[in-house]
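Q: These protein sequence lines are chains B and A, in that order.
Residues in the first sequence are numbered from 1 upward in steps of one, following this note's numbering.
Residues in the second sequence are numbered from 1 upward in steps of one, following this note's numbering.
Hints should not be assumed to be uniformly reliable.
[To be verified] Just the calculated beta-carbon pair ranges, DEER-fashion: (1) 48/B <-> 179/A: 15 to 25 Å; (2) 12/A <-> 32/B: 31 to 41 Å; (3) 239/A <-> 21/B: 22 to 32 Å; (4) 48/B <-> 28/A: 31 to 41 Å; (5) 21/B <-> 147/A: 27 to 37 Å; (6) 54/B <-> 273/A: 33 to 43 Å; (7) 51/B <-> 37/A: 41 to 51 Å.
Honestly, the hints are just simulated from the structure, not real lab data.
Beta carbons: idealized from backbone N, C-alpha and C, even for Gly.
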Amino acid sequence: MTDRTAIFDSVAAQIAPFNKKDVALTEATTFAGDLEWDSLTVMDFVAAIEDEFDIIITMNMQAEIETVGQLVDAVAKLKG
Amino acid sequence: MTDAPAQTRDLFSKFDPLINEREALLATGVRDPYAIVMDQVLSPTRAIIKGKETILLGTYNYMGMTFDPDVVAAGKKALDEFGAGTTGSRVLNGTYQGHKEVEDALKEFYGTSGAMVFSTGYQANLGIISTLAGKGDYVVLDADSHASIYDGCGLGNAEIVRFRHNSVEDLDKRLGRLPADALKLVVLEGVYSMLGDVAPLPEMVAAIRKHPNCMILCDEAHGMGFFGPNGRGAYEEQGVEGEIDFVVGTFSKSVGTVGGFCVSNHPKFEILRLVCRPYVFTASLPPSVVATAATSIRKLMHAGEKRAHLWKNSKRLHGGLTDLGFKLGSETPQSAIIAVILTDQMQAVAMWQTLLELGLYVNMARPPATPAGTFLLRCSLCAEHSDEQVEQIIGMFETAGKATGAIA
Numbered sequence: 001m002t003d004r005t006a007i008f009d010s011v012a013a014q015i016a017p018f019n020k021k022d023v024a025l026t027e028a029t030t031f032a033g034d035l036e037w038d039s040l041t042v043m044d045f046v047a048a049i050e051d052e053f054d055i056i057i058t059m060n061m062q063a064e065i066e067t068v069g070q071l072v073d074a075v076a077k078l079k080g
Numbered sequence: 001m002t003d004a005p006a007q008t009r010d011l012f013s014k015f016d017p018l019i020n021e022r023e024a025l026l027a028t029g030v031r032d033p034y035a036i037v038m039d040q041v042l043s044p045t046r047a048i049i050k051g052k053e054t055i056l057l058g059t060y061n062y063m064g065m066t067f068d069p070d071v072v073a074a075g076k077k078a079l080d081e082f083g084a085g086t087t088g089s090r091v092l093n094g095t096y097q098g099h100k101e102v103e104d105a106l107k108e109f110y111g112t113s114g115a116m117v118f119s120t121g122y123q124a125n126l127g128i129i130s131t132l133a134g135k136g137d138y139v140v141l142d143a144d145s146h147a148s149i150y151d152g153c154g155l156g157n158a159e160i161v162r163f164r165h166n167s168v169e170d171l172d173k174r175l176g177r178l179p180a181d182a183l184k185l186v187v188l189e190g191v192y193s194m195l196g197d198v199a200p201l202p203e204m205v206a207a208i209r210k211h212p213n214c215m216i217l218c219d220e221a222h223g224m225g226f227f228g229p230n231g232r233g234a235y236e237e238q239g240v241e242g243e244i245d246f247v248v249g250t251f252s253k254s255v256g257t258v259g260g261f262c263v264s265n266h267p268k269f270e271i272l273r274l275v276c277r278p279y280v281f282t283a284s285l286p287p288s289v290v291a292t293a294a295t296s297i298r299k300l301m302h303a304g305e306k307r308a309h310l311w312k313n314s315k316r317l318h319g320g321l322t323d324l325g326f327k328l329g330s331e332t333p334q335s336a337i338i339a340v341i342l343t344d345q346m347q348a349v350a351m352w353q354t355l356l357e358l359g360l361y362v363n364m365a366r367p368p369a370t371p372a373g374t375f376l377l378r379c380s381l382c383a384e385h386s387d388e389q390v391e392q393i394i395g396m397f398e399t400a401g402k403a404t405g406a407i408a
């Protein structure tokens with residue numbers, strides 16, 4: 001299992017409790033469109049991801065992240 | 001101007017969901033909570049709305065200074081002597097004697113070496129946050145921060161990091177993950193305006209001081225006037241005065257007029273007057289406004305009896321509403337704001353309208369202004385509410401709560 005796959009799986013596990021409609025997750029799944037998350041859900045989820053990986057995803061970075069794949073890339077980069 | 005056709009897609013199309021939601025709500029026959037007109041204002045606590053005398057419980061007039069005779073007289077005198085407006089920026093032709101006087105009053109009130117007056121409280125946060133934290137710096141803010149704090153972050157070029165509301169642990173953790181050598185501005189509020197809850201400032205300050213290169217800004221918009229021995233705010237009451245680098249506040253609440261400010265002891269504070277865009281590129285406050293503000297601030301230094309009555313009112317209303325079975329935003333009366341939490345928009349509007357028909361005005365607040373997607377009726381008390389008015393208010397809540405099913 002590559003690092004990226006491991007990160008994807010961890011991210012997916014963090015998404016699960018917020019995935020009320022059981023949307024199937026792929027790299028291309030969008031948070032706003034597919035998962036239909038509002039800003040409050042996004043905030044709780046980001047905090048959970050930050051704590052899981054011990055990183056900070058600034059609001060500036062969050063604005064650029066629309067898909068699960070982009071988040072996995074961002075986490076991989078921040079974990080460095 | 002062109003007459004735009006209503007149906008085609010244009011720049012307004014993104015507002016269609018909100019337009020439709022409002023139309024559906026108003027179609028049920030309720031009054032629009034965001035279109036109230038005060039036809040006459042009789043006092044800090046009473047107004048005429050659509051011909052009905054109404055108790056005001058939805059203003060920020062905490063200390064009831066709007067009709068103070070000395071304050072009004074100072075405004076009239078300045079209007080006569082200095083005219084209606086300055087037509088200028090603070091750094092060009094817009095600084096009059098009155099602007100210096102109100103900054104002197106602030107320095108005395110806060111015991112600081114520096115004070116800078118902005119045209120609104122919103123602009124004070126916008127200007128201070130966006131100017132202090134530049135590219136490569138960090139702003140660390142509470143998730144429930146006021147829109148002016150978020151917008152200050154948006155205007156600037158710093159990296160923005162949020163922590164969970166009033167969570168000392170979450171703040172500590174996030175600061176620990178930032179580069180040690182980066183410069184950080186931590187933005188806190190003494191009193192959070194939607195639920196009326198107060199920040200645990202000593203614990204937060206202790207957590208912040210574990211980390212290097214942090215300055216602390218505390219917004220005391222809803223704390224000035226009645227927290228602490230000198231009425232400086234929640235940070236004074238909680239004994240962390242020596243730890244706060246910048247206090248931001250407003251004249252539009254306890255002071256009773258309009259305007260914003262920042263006070264600080266930083267030796268280089270004055271340079272902000274030349275580099276802070278929301279200070280430089282807008283007109284200064286009219287002479288009458290700064291004169292009323294200066295007079296009011298000086299009177300607030302000696303307003304012990306008013307403070308005591310405001311706290312009495314807050315405790316009585318909180319206790320009365322709790323006894324009736326309402327769910328409130330804070331378990332104890334922590335400030336002059338008491339938020340009544342309702343289940344949804346329909347119940348909130350029904351309660352709001354019933355109260356208005358009984359002769360009581362409160363604020364209806366909804367997401368995104370409110371935390372956690374709540375619908376609430378926000379009550380803000382005034383030192384000038386009499387004991388009788390507070391009892392009347394509790395009686396009206398009982399009637400409206402039962403009529404709408406909000407309480408059993």
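Q: All the hints need checking, so say for each whether the structure fits it.
A: Against the structure, the hints:
no.: 1; hint: 48/B <-> 179/A: 15 to 25 Å; in the structure: holds, 23 Å
no.: 2; hint: 12/A <-> 32/B: 31 to 41 Å; in the structure: violated, 21 Å
no.: 3; hint: 239/A <-> 21/B: 22 to 32 Å; in the structure: violated, 49 Å
no.: 4; hint: 48/B <-> 28/A: 31 to 41 Å; in the structure: holds, 38 Å
no.: 5; hint: 21/B <-> 147/A: 27 to 37 Å; in the structure: holds, 30 Å
no.: 6; hint: 54/B <-> 273/A: 33 to 43 Å; in the structure: holds, 41 Å
no.: 7; hint: 51/B <-> 37/A: 41 to 51 Å; in the structure: holds, 48 Å
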